[in-house]
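If you read the protein sequences in the order shown, they are chains C and E. Residue numbering for the first sequence follows this note's numbering, starting at 1 and increasing by one per position. Residue numbering for the second sequence follows this note's numbering, starting at 116 and increasing by one per position.
Since the hints were derived computationally from the structure, they do not count as laboratory data. It is possible that some hints are incorrect.
[As the list claims (entries may be wrong)] Here are some chain C residues the structure puts well away from chain E; computed CB gaps all over 12 Å:
hint, residue
1, 6
2, 72
3, 85
[To be verified] If you only want the chain E side, here are some residues facing chain C, beta carbon under 7 Å, derived:
hint, residue
4, 131
5, 156
6, 158
7, 160
8, 163
9, 165
10, 166
11, 178
12, 179
13, 182
14, 209
15, 219
For every residue, glycine included, the Cβ atom is placed at its ideal position computed from N, Cα and C.
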Amino acid sequence: AQTVTQSQPEMSVQEAETVTLSCTYDTSENNYYLFWYKQPPSRQMILVIRQEAYKQQNATENRFSVNFQKAAKSFSLKISDSQLGDTAMYFCAFMNRGSARQLTFGSGTQLTVLP
Amino acid sequence: DAGITQSPRHKVTETGTPVTLRCHQTENHRYMYWYRQDPGHGLRLIHYSYGVKDTDKGEVSDGYSVSRSKTEDFLLTLESATSSQTSVYFCATTQGPENTEAFFGQGTRLTVV
Numbered sequence: 001a002q003t004v005t006q007s008q009p010e011m012s013v014q015e016a017e018t019v020t021l022s023c024t025y026d027t028s029e030n031n032y033y034l035f036w037y038k039q040p041p042s043r044q045m046i047l048v049i050r051q052e053a054y055k056q057q058n059a060t061e062n063r064f065s066v067n068f069q070k071a072a073k074s075f076s077l078k079i080s081d082s083q084l085g086d087t088a089m090y091f092c093a094f095m096n097r098g099s100a101r102q103l104t105f106g107s108g109t110q111l112t113v114l115p
Numbered sequence: 116d117a118g119i120t121q122s123p124r125h126k127v128t129e130t131g132t133p134v135t136l137r138c139h140q141t142e143n144h145r146y147m148y149w150y151r152q153d154p155g156h157g158l159r160l161i162h163y164s165y166g167v168k169d170t171d172k173g174e175v176s177d178g179y180s181v182s183r184s185k186t187e188d189f190l191l192t193l194e195s196a197t198s199s200q201t202s203v204y205f206c207a208t209t210q211g212p213e214n215t216e217a218f219f220g221q222g223t224r225l226t227v228v
């Protein structure tokens, strides 16, 4: 079974600054996917970024980028130029390549962007 | 937005009563899932379906059952609701084995009193 750990329950950052959210995971699989989801107060789950484990290059989506360290089983999310709209709960998630595509989530990090 | 609709959006029920939550999708996605979200636990998988009438248990399946008689509908039933099942429930779908993006419904807040 996979486990995903987010050790930072809450974080805050000043608007326009950069913040990094941490995530570690444990798996015996070699092929898998990792995700960061954002959940604003509306409760909607929004996909932020996806990383395929067999790709060494770190994924980037506009102001969001990841630092994927496969050997260390670490998958952190960096948000650059933080905006007030980035305030949300962020979940790290794991998906096995050979599975029925179910996700295993971390406990979440509540990020608050301060004006 | 993917066409995933959960009903009801909010429900308060009494301990011991049966409750059914419905997830309806218009995307013809093969896989459907039910998760529950609780503080400090993130989202945890209850049950999932990989096709019509094909379902399997997730991490926290005790006290829950599911049914999928049509591609578009996935029902979650609490046979006898308990206070520990007070939670926010999310339905999600993925298109198929070669697709990894999950699409989520808006969530159902269930309170068992």
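Identify whether the interface hint at residue 131 (chain E) stands, where standing means a beta carbon of chain C within less than 7 Å of its own.
Hint violated; residue 131 (chain E) Cβ to chain C Cβ min 27 Å, cut 7 Å.
Given residue 182 (chain E) as an interface hint, is the shortest Cβ-Cβ distance to chain C below 7 Å?
Violated. Min distance 17 Å.
Was residue 6 (chain C) rightly flagged as not at the interface, with every chain E Cβ beyond 12 Å?
Non-interface label on residue 6 (chain C) violated, nearest chain E Cβ at 8 Å vs cutoff 12 Å.
Min Cβ distance, residue 219 (chain E) to chain C: is it shorter than 7 Å?
Holds, about 4 Å.
Over 12 Å to the closest beta carbon of chain E is the bar; see if residue 85 (chain C) clears it.
Given a closest Cβ separation of 18 Å, the condition holds.
Is the nearest CB of chain E more than 12 Å from the CB of residue 72 (chain C)?
The claim stands: residue 72 (chain C) keeps its Cβ more than 12 Å from every Cβ of chain E (closest is about 21 Å).
Have a go at the residue 156 (chain E) hint: is there a Cβ in chain C nearer than 7 Å to its own Cβ?
6 Å, holds
Min Cβ distance, residue 165 (chain E) to chain C: is it shorter than 7 Å?
At 5 Å from the nearest chain C Cβ, residue 165 (chain E) passes the 7 Å test, so the hint holds.
Quick one, is the residue 178 (chain E) hint okay against chain C at 7 Å, beta carbons?
With a minimum Cβ separation of about 19 Å from chain C (threshold 7 Å), the hint on residue 178 (chain E) is violated.
Given a cut of 7 Å on the nearest C-beta pair, is the interface hint for residue 209 (chain E) held or broken against chain C?
Holds, about 4 Å.
Verify the interface restraint on residue 160 (chain E): the C-beta must sit less than 7 Å from at least one C-beta of chain C.
This hint holds: residue 160 (chain E) lies near chain C, its Cβ roughly 5 Å from the closest one there, short of 7 Å.
Return the status of the interface hint for residue 179 (chain E): holds when the least beta-carbon distance to chain C is below 7 Å, violated otherwise.
15 Å, violated
The structure is inconsistent with the numbered hints 1, 4, 10, 11, 12 and 13, although it conforms to all the rest.
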